[in-house]
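Undergrad: These protein sequences, in sequence, are chains A and B. Taking our numbering, I'd label the letters of the first sequence as residues 1 to 357. Taking our numbering, I'd label the letters of the second sequence as residues 1 to 356.
Source of the hints: derived by calculation from the structure; they are not laboratory data. Every residue gets a Cβ at the ideal spot worked out from N, C-alpha and C, and that includes glycine.
Residues from chain B that face chain A, not an exhaustive set, calculated with beta carbons under 8 Å:
#, residue
1, E51
2, H215
3, V219
4, H222
5, A255
6, I263
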Amino acid sequence: MLVERSPTPSPPQLFTNVPPMPLLDIQNLVTAFHTPAGRVPAVDGVSLSIEPGKTLGLVGESGCGKSVTAMSILRLVAAPGVIESGRILLSHDGHTDDLVTLPERELRRVRGGRIGMIFQEPMTSLNPVFTIGEQIAEAVRLHRDVAPAVARARALELLRLVRLADPERRLDEYPHQFSGGMRQRVMIAMALACEPDLVIADEPTTALDVTIQAQILELLADLRRRLGTALLLITHDLGVVAETCDDVAVMYAGRIVEQAPAAELFANPRHPYTIGLLAARPSGRRSGPLTTIPGMVPAPREFPSGCRFHPRCSVARLPDCTSHLPALVEIAPGHLVRCPFADTVGAPRPSTAGSVP
Amino acid sequence: MSPTPLLDVAGLETHFPVRKGLLRRQVGSVRAVDGVSFSIAKGRTLGLVGESGCGKTTVGRSVLRLVEPTAGAVRFAGADVRAMHGAALAALRRRMQIVFQDPYGSLNPRMTIRAILEEGLVIHRLGAADERLARMRSALERTGLAASALERYPHEFSGGQRQRIAIARALVLEPEFLVLDEPVSALDVSIQAQVVNLLVDLREQLGLTYLFISHDLSVVEHVADEVAVMYLGRIVEHATADALYRVPLHPYTLALFSAVPRIDPAHRRRRIVLTGDVPSPARPPAGCRFHPRCPLAESVCRSVDPPATVVEGHRVHCHVAARELDRGGTAAAAARRIAEMMTAGAADKIVTGGGA
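All chains should be built: construct the whole structure from the sequences, respecting the hints.
TA: Take a look at the structure:
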């Protein structure tokens, strides 16, 4: 059972004569919650794609719909949430499944099989009454018909892969004996148990200290290079995205407002919300008050009409913004912006310079 | 530093007993805070940074005696806080308030905002009914909330607004000193900036003094005049914010700074990824407490607790830093040499992180 695939830096191509096919292709996803107070469209027409071996960062503030998007991919949205429309196409060995319509039985093979998942809270995601080894072995045996001893050997191999110190001893320990960073390594090991094509990581380092976060991000980047696994990284931290992702999509109030290769997005942000988010980060010694985005993120029940950012936007002037939903327009290769003023905004790049040497 | 600090903490220790067995016999103690000294002048802000478990929150609570310190001295405006009891302690607490991290957990969901704000006024027997109302309105106004908030409940407010309510609850008592324990950590970026600006404005308008506890180095750099870095119950480095961020001398401070993910590739540094986790404060390592994770650790670090080296008000507890400072030249030159040693000496056991 080999963990490492070809160590080529380029993503593994399934068919060399076929143009690069996205591994995951989300088309116009709408996920809504039907509450007594009405329909709440948490994800409202999201399209995203990830190529094999690439990392896509999905950023936004709480309630923007980024986690619901992730849960929709695995159809884990809890009632009263429903995927109302859209397609979620996952490619594997040359054929494509639509996860929205895939029968539950087959979907169960996708979850933890072709797609691995890492959640924010490594404490609550592990069962406190089973050893780490038992839990990883279970993840393996759910998808592979192997003997317990083989699954245990695989668990040990995985703990080595995520560079947990002293893996033989750790295998028989319980979650409470692990620190937060070690638990997150275990979560990563479980996500990788069946050599998935894609790992979805929802705020994987948010609960961790900054030095431990650095360890985990470095581990994820290294595993991605060695295993060629694609990664959907959901986070609110723009710094984490800048350091780990190939592409970035910024969500606001259930919609993607800007999408671009990471270097392009940070060098040349065009949506007023992206610009505001970057500017709101404290950077360096006190130089007057921080730039703020006025107001607050609207609750999904109170999404404004037209461009959902217009009540907080410094650029929105025209009645256009309040009445029409702006289209997601490609303003440069791969750079999509949902703002009619994207060309004129072109605000000077907010300084991110810290005085930290 | 002004001659009479508003808050002066010397040799503060706060240990929590570890009990075991049927008789709950004490078998050891967690040395959460283990010899911390600092002072804050009136109107200034000290930032206290460090990772979880380093004791920064316990320092904040010990200063207010929300937990009882084990040893050391805490003086507020010249008065011995640890010697106080009863009415004197209550009167002192009116002048020292705290804002907690979690605006969801720190406000009682069954109380209206009026009841939440009034509680302190009632306890301290401040003002008649109409005066109380005026105070509450003014506190809300200062924090950017409408007076109509008084009749509402916490669940009707967003996280940012709740944190404003928590700040108003502190302000209504007209304190001089605030312990801000991760006041913006639970908030979204765009809201975080609003609350940071509010705290800075309030400090200027009301002449407040802050102990600003946070793990977020960027926020602390923006807000604080001085910064102290804690590791395992001790302050390892303390300097003006400017000096600390420009000339970090302690290897832990350097590692902490290098671990912060940055947007601008030009400001991305060679990442020093520390190996291992923070040891348990119940069994702190001998010598320098950082030595098991320090890429520069030498034999002296394993046995001798490093004393403070002070250069131009910049205080650092590190044998290597002391030697480098001793070699003469500027502190900046010493800091550069230490940074070089960190990245070079660490190269074999540490992988530089960074870009994908």
